[in-house]
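The residues making up each chain are set out below.
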Amino acid sequence: QQQVKQSPQSLIVQKGGISIINCAYENTAFDYFPWYQQFPGKGPALLIAIRPDVSEKKEGRFTISFNKSAKQFSLHIMDSQPGDSATYFCAASRLISSGSARQLTFGSGTQLTVLP
Amino acid sequence: NAGVTQTPKFRVLKTGQSMTLLCAQDMNHEYMYWYRQDPGMGLRLIHYSVGEGTTAKGEVPDGYNVSRLKKQNFLLGLESAAPSQTSVYFCASTNGRVGGYTFGSGTRLTVV
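Residue numbers (my numbering), protein chains in the order written: chain A, 57 to 172; chain B, 558 to 669.
Since the hints were made in silico from the structure, they are not lab data. It is possible that some hints are incorrect.
[Claimed, not checked] Heads up, simulated DSS-like pairs for lysine-lysine below, C-alpha to C-alpha not over 27 Å straight-line:
no., chain 1, residue 1, chain 2, residue 2
1, B, Lys-566, B, Lys-628
2, A, Lys-61, A, Lys-113
3, A, Lys-61, A, Lys-127
4, B, Lys-571, B, Lys-628
5, B, Lys-628, A, Lys-98
6, A, Lys-113, A, Lys-71
7, B, Lys-614, A, Lys-98
8, B, Lys-614, B, Lys-566
9, B, Lys-627, A, Lys-98
10, A, Lys-114, A, Lys-71
11, B, Lys-571, B, Lys-614
12, B, Lys-614, B, Lys-627
13, B, Lys-566, A, Lys-98
14, A, Lys-127, A, Lys-113
15, B, Lys-571, A, Lys-98
16, B, Lys-614, A, Lys-61
17, A, Lys-124, A, Lys-61
18, A, Lys-98, A, Lys-113
[To be verified] Far from chain B by the CB rule (all over 12 Å, computed), these chain A residues:
no., residue
19, Ile-74
20, Gln-94
21, His-132
22, Gly-139
23, Ser-156
24, Leu-171
For every residue, glycine included, the Cβ atom is placed at its ideal position computed from N, Cα and C.
Can you make the complete structure from the sequences, with help from the hints?
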């Protein structure tokens, strides 16, 4: 049961173009939606995140758009650069029943290639 | 540099062998997690800990055991490795704040 669905699986964009990755979730208990960037041989690193009471968040060239009613959110990378080539994961966070620990549920990942 | 350190980085096991993966963090984080990453499936939570001496099951706990005897260390054990456990394993820690996960660089495990 995949609670967070991510598309596309792979994406090729020309330098300077816009990269768009989409995610959809099912569980309304999720209350925080981060995006992670992962380079080969490295662990995921937090890129940008949004709470469901906000429709958009922008940090530099990276923007998250959030549609609570549709239970969808997306990552937009403006002016994409070859250095952005990596795997991107959307995730959704919710409280776990024990203590204040949180569980991150990840999408399946998008491999982005930005051509020079 | 502060962070999460995983050992070993690579390992090849034969079916039925056992091993322990070590995760160490020096950020005084309360919460620690073990994930496995498989192609096309993202990262899935195996076990987690909300503090020293505590452990709990995640999404895919079967075939794994964990221990958190010291706050800074979280061990993942495979008692009898199976080829289905071939994966990349990531440890993460957080102080409980939303989004503040720090991941290690992973352990690539192959079971033949």
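A quick look at each hint next to the structure:
1. Lys-566/B / Lys-628/B: holds, 22 Å
2. Lys-61/A / Lys-113/A: Roughly 21 Å separates the two Cα atoms, so the pair holds.
3. Lys-61/A / Lys-127/A: At roughly 11 Å apart (the allowed maximum being 27 Å), Lys-127/A and Lys-61/A satisfy the hint.
4. Lys-571/B / Lys-628/B: violated, 31 Å
5. Lys-628/B / Lys-98/A: Holds, because 24 Å separates the two Cα atoms, which is no more than 27 Å.
6. Lys-113/A / Lys-71/A: Holds: Lys-113/A and Lys-71/A sit about 23 Å apart, inside 27 Å.
7. Lys-614/B / Lys-98/A: holds, 25 Å
8. Lys-614/B / Lys-566/B: Holds, because 24 Å separates the two Cα atoms, which is no more than 27 Å.
9. Lys-627/B / Lys-98/A: Holds, because 25 Å separates the two Cα atoms, which is no more than 27 Å.
10. Lys-114/A / Lys-71/A: Since the Cα atoms of Lys-114/A and Lys-71/A sit roughly 20 Å apart, the hinted pair holds (cutoff 27 Å).
11. Lys-571/B / Lys-614/B: holds, 25 Å
12. Lys-614/B / Lys-627/B: holds, 18 Å
13. Lys-566/B / Lys-98/A: With a Cα-Cα distance of about 11 Å, the restraint between Lys-566/B and Lys-98/A holds, given a limit of 27 Å.
14. Lys-127/A / Lys-113/A: holds, 16 Å
15. Lys-571/B / Lys-98/A: Given pair Lys-571/B, Lys-98/A holds - Cα atoms ~25 Å apart, limit 27 Å.
16. Lys-614/B / Lys-61/A: holds, 23 Å
17. Lys-124/A / Lys-61/A: holds, 15 Å
18. Lys-98/A / Lys-113/A: holds, 26 Å
19. Ile-74: holds, 24 Å
20. Gln-94: violated, 9 Å
21. His-132: Label holds. Min Cβ-Cβ 19 Å, cutoff 12 Å.
22. Gly-139: Since the minimum Cβ distance to chain B is about 19 Å, Gly-139/A lies beyond 12 Å and the statement holds.
23. Ser-156: violated, 5 Å
24. Leu-171: holds, 23 Å
When held up to the earlier numbered hints, the structure conflicts with 4, 20, 23 and fits the remainder.
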